[in-house]
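Chain residues, written in single-letter form:
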Amino acid sequence: MSGPSFATALELGAGAVLVCAVLTMWRRSLAAIVRLLALQGVALAAVALVLGLHARDGVLVGVGAVVVVEKGVALPAVLLRVVARDTSSRETAPLVNVPASLVATGALTLLAFAVAGPVVALVPTVAGRLVPLGLATALIGIFAMAVRRRAVSQIVGLLLLDNGIALVAFLATGGFPLVVELGASLDVLLLVVVARVLGTRLHERFGVLDLDELRELHD
Amino acid sequence: MSALVRLGAAACVAVVQVLLVAGGGLLLLGVMRKTRSRCEGRVGPPVRQPLLDVVKLVSKQRIRPAAASPVFVAGPVVVAATAVLVTAVAPLVTSDPPLARSTDFFAVVLVLLLGSVSLALAALDTATPFGGMGASRATTIGALTEPALLAVVLALSVPARTSNLPALVREGIVDPRVVASPGRILALCAFLVVIVAETGRLPVDNPQTHLELTMIHEAMVLEYSGPDLALVTVGESARLALLLGIFVNLAVPWGVAPGRGAAELAVGSAVLVAKVAIAGIAIATFEVFTAKLRLFRLPEVLAGAFVLALLGVASTLVTR
Amino acid sequence: MNGSVLGLELVPGAAAAAAGALFPGRHRVHLAAGLTVVTCAVAAVAAGAVLRSGHGLVVRASGILPLTGARLDLVPVSAVFVATTAVVAIAACIYWPGYAHHGLSSRTASGVLPIFVTSMLVVAEAGDAVTFLVAWELMAVSSLVLVLADQAGREETRSAAQWYAVMTSAGAAAVVLAVVLVCAHAGALSFATVAARAGGADRLPGGTRDVVLVLALVGFGSKAGMVPLHVWLPKAHPEAPSPVSALMSGAMVNLGIYGIVLVADRLLGGAPSWWWAAVMALGAASALFGAVQASVTSDLKRLLAYSTTDNMGLVLLALGLSGLLATGHETDLAVLALVTALLLVVNHAAFKGCLFLAAGSIQVATGTRELDRLGGLVRRMPATTAVFVVAALAVAAVPPFNGFVGEWLLFESLLRAIESSGVVVAVVAVVAVAALALTGGVSVMAFVKAVGIGALGRPRSAGAAAAREVPRAMVVGAGLLAAACVVLGIAPMLVLPSLERAAASVLGGARPAVLHGGIDVALAGLDGVLAPAWIAVGLALAAAVVVAARDRIGSRRPPRRVAAAWSCGRELQTARMQYTATSFAEPLERVFDDVLRPDRDVTVSHSEESRYFVEKVAYRSTVGDVVETALYRPAVDAVRWWGRQARRLQNGSVHRYLAYALVALLALFVVLA
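Chains as they are written, first to last, in numbering that gives the first Met the number 0: chain A, 0 to 218; chain B, 0 to 319; chain C, 0 to 672.
FYI, nobody ran anything at the bench for these hints, they're computed from the structure.
Values in this document were obtained by computation on a predicted structure and should not be read as measured data.
Ideal Cβ positions, reconstructed from N, Cα and C, are used throughout, including at glycine.
Careful: at least some of the hints might be erroneous.
[To be verified] Over 10 Å on every C-beta distance to chain B, these chain C residues come out as not near it, computed from the model:
1. Arg106
2. Arg157
3. Thr207
4. Leu595
5. Ala617
6. Ala663
[As the list claims (entries may be wrong)] With a straight-line Cα cutoff of 20 Å, these simulated SDA-like cross-link-like pairs (lysine to any residue) come out:
7. C:Lys615 x C:Thr573
8. B:Lys55 x C:Arg556
9. B:Lys55 x C:Pro557
10. B:Lys55 x C:Asp550
11. B:Lys55 x C:Val546
12. B:Lys291 x A:Arg26
13. B:Lys59 x C:Thr573
14. B:Lys55 x B:Leu26
15. B:Lys33 x B:Thr289
[Stated by the list, open to error] Partial list, derived from the structure: chain A residues whose beta carbon lies under 7 Å from chain C:
16. Leu109
17. Phe112
18. Ala113
19. Pro117
Sequences and hints are given; from them, build the entire structure.
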């Protein structure tokens, strides 16, 4: 892949990752949120593939393939099954209302641009300029975990964070080594499975997957 | 002499655009209604029905509610006049419209705002509960649409280094990569949401509702009749056509005439009509599958558009 | 022009004050107003000359103030503020005699109003620290007296005056400290000397400079109504008599902006970027907060007061941007941003002065300023309504009025700052555009409400129904400023080159070449222009075409008929069924619930026979000021607590008080020894 089209493709891929993250804050339906997450996984994989093809780096292409399977298909599938179980599968009343969290998302993005200057200066490539997008995605992930009530939304937040970090890694360093990526992926997968088990138990106990219910355990 | 010729050409362009948008806007409404009917399995009224309605309205008697003042009469005139003014100078058929240098996107937005404001004032002037209700709701939506729209203007203007509307359209023709840039795409997505909100389409407002309590825009114009109602209808449909025209020319700038020649104008008009019709059909099809949102869910939609446009600006910070 | 003309303006000012205070009979108001107009006219002519030539005027009068004498130094940037103040004051003085029966005819009021106007002029003209501070204090005290002039008996008025007194004294203390610190370091009192030394080797050390800057922001910011120091504004503006409100909002708050320019740009020769960023942040917060509060309040003058906070926020936004760009050595863009700030100040003076005067007329004619009790004024007082509508549309920033040009310039300066500066400035500018956009949308809501509920529809109270058009002088006074709104909206290039010269002289831009163009406003290096005159002409043409089309096609239709409005088939339709200001703003109030924290109370009482029948529903909703409840209440409570504690020290015994004095004296000796 050559100059301008490489840059455009990379921009579109990285941009799509961020837009998916923002859109997860927009939608209330958990199923839609998980589908957005899947889309984000695909976009992330596309970034890896584009980078890999550009650098003629077989490993990176391999990582891209792994990411597609894991983040684009496997994780969303697991989450969708959790969602399907939950009777009220909507994020009805997040701690911060939707317009405010959208504005906060915008602010976080701008903040990421403001603070990512040094990193961008370190990596003076086309990819390096896009690092703030990954940073913003990660920040949005943390924000989502902080303000959303549903267990699934929390996991989605975690995965947003993970995807953001992965995007920064791809863009800044040309990606983790394959082993690290595989290890991290397995970790996340394990975590999601654990969360799912926990969620199932929560569901059996309280009937909904609302983390505020956990407070009752404390009493 | 040549100055006179140029002036004539400019006037021609303005007249062509105004006639196209005023008449075409009504037909666009007809096309959208037809699309909706067909999707729902009905035959629906003919495409030219809105045009016939307006022709009928023009010859009817004018009725003024007892409490109304001249503001009530001025409302439709200002709505139509702002739409006509912007249409005359917007890059619709050609990217070299009259007064091209002064067709500023920011100014366009605020001129159209003048129309919305005057209609809201006219509605309050009727002294009816429905007028107040419509004005209150429409102004609230407007207050939230305005920021999104200005953010869109910003997102489009930053990479182009100007907020001049014809320049924005020309930029897309000269360099197709601009059209595919993430900033432009995000901004245009937000613009589409804004157009839907601004022109009162689903899911923001149901243009076909006949229940006073759910009306927004229709509640504002409930008291108008005869030629005044015709003006409102023409003005509002022209706004829809105009905004969609600007949208399609920014999203798909190809086919916009580069100059003011007669042949160019003919081709440009045909392409514009086709593009806007496609956009209208797409929106109408989308409307079939959407329900009207609750009023208090609207901030979510508009905040979404606002943030999308801001992301568009942010992405231009990256790619510059 | 000779500098002594400046000193000359003080003569009619003093004469006006004396005439107002001493002249017997009902003509003292006319005399005082006339002499004040002369003062303002002289000041305006001098300011105009300075703005046109770009050269300052200096006058020294050693006799006026003890020890140092007074020094007036009219540089271009202060000329902008002098001219603005003078024009607003002329309009207010034309208006004054008509309003005089509502609290402004007493000897005190007619003596103090000229002092207030003159002191504002002197604040902007002052050439040394002492003159500046004396005028500043005089302005604060005289405005306080005037706030109380109308209804000193009312609880609200007294409370407003108390708030104003406390805020303005605290602000003045900060201003005195800041100015004294700067001048003490420079070792000179004359602003020109201090400014000349600011760039040299002996500039203020970092720490002191930061203290000065923070003090200046607090002192001048509170005068400009900046959040969170704005709390006096929505209290004092509504309670003051309307010409005074117009002067306070149209002229006095501007001087807060002038103070910031004076200290940061002129005396210190620039400020660090964190401070400018803080100015921008506070400006954005003020703009948003003011706009949202204005859109939900139902008191007409309170709405205007909050809108003042909103507009001053936008000025601070532009001012901060200018400073930020100047520290980044983008002088051209900095000049553009400062021009924007100055234009916003001028615009604000025109439309807000006009709105307060018109609101005063409405209050005089109807006896209320509560929007929920107004309505139907367009037929009863058409001239005042027309003036009010023009100014309201100008604030709402729709063309072809002046607010529109100001917002366009602000948008373009922010746009160009994003394009050509570093990432941090760009991000700040994006946030600023977001704030500007939100503010714009919300303030449109506020002014549609003010006009639509206040002036249109049917009268909602007997007072509004009995309204009569006010005397011609009052209409002319407000109309003068409305005309300024239209002229500045159609031909902004009448003033923009002067403002550019003033801005360039402050920032040291060598060639003021940011703006050019004859009728259109063109910016250097920008592909497009703004053509406000063409927009106005185009709108008029388009309206003519539309009306012609409406009347020409179908010209054989029957004549117009007046009929009852549709009300779902009911016959009766009363004024009480209309939307009120409260219900109009309710959707927006719900949207901004988290910011406004309104206090809503719905009580439904049921009929005794069955609870399925509702007897009556009482709905009460009050929107306070969040900043006041969250920030000031605790402070006020703490002060009260301390006050109660201190009361224990007092038991009324003279002996105990003498003992306190003795102890204090002894302690002093011990400390000093």
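Verification of the supplied hints:
No beta-carbon of chain B is positioned within 10 Å of the beta-carbon of Arg106 of chain C; the least distance is around 42 Å. Chain B leaves Arg157 of chain C outside its interface by the beta-carbon criterion, the shortest separation being 35 Å against a cut-off of 10 Å. The claim that Thr207 of chain C is not at the interface with chain B holds, since no C-beta of that chain comes within 10 Å of its own (minimum 36 Å). Separation of Leu595 of chain C from chain B is adequate, the least Cβ-Cβ distance of about 14 Å exceeding the 10 Å criterion.
No beta-carbon of chain B is positioned within 10 Å of the beta-carbon of Ala617 of chain C; the least distance is around 20 Å. No beta-carbon of chain B comes within 10 Å of the beta-carbon of Ala663 of chain C; the shortest separation is about 59 Å. Restraint check: the Cα-Cα separation between Lys615 of chain C and Thr573 of chain C comes to about 18 Å, which is no more than 20 Å; the hinted pair holds. This hinted pair checks out: Lys55 of chain B and Arg556 of chain C have alpha carbons roughly 11 Å apart, not beyond 20 Å.
Distance restraint check for Lys55 of chain B and Pro557 of chain C: the Cα-Cα separation of roughly 14 Å lies within the 20 Å cut-off, and the hinted pair is therefore satisfied. Only pairs whose Cα atoms come within 20 Å are accepted, and Lys55 of chain B paired with Asp550 of chain C is accepted, the gap being roughly 14 Å. Restraint check: the Cα-Cα separation between Lys55 of chain B and Val546 of chain C comes to about 18 Å, which is no more than 20 Å; the hinted pair holds. Straight-line distance between C-alpha atoms of Lys291 of chain B and Arg26 of chain A comes to about 16 Å, which keeps the hinted pair within the 20 Å bound.
The suggested pairing of Lys59 of chain B with Thr573 of chain C is violated, with an alpha-carbon distance near 28 Å, which exceeds 20 Å. This hinted pair checks out: Lys55 of chain B and Leu26 of chain B have alpha carbons roughly 15 Å apart, not beyond 20 Å. About 17 Å separates the Cα atoms of Lys33 of chain B and Thr289 of chain B, which keeps this hinted pair within 20 Å; it holds. Given the 7 Å rule on beta carbons, the hint for Leu109 of chain A holds: about 5 Å separates it from the nearest Cβ of chain C.
At about 5 Å, the closest approach between the beta carbon of Phe112 of chain A and any beta carbon in chain C falls short of 7 Å, and the interface hint on this residue holds. Hint on Ala113 of chain A holds. Least Cβ distance to chain C is approximately 4 Å, under the 7 Å limit. A least Cβ separation of about 11 Å between Pro117 of chain A and chain C goes past the 7 Å threshold, and the interface hint is therefore violated.
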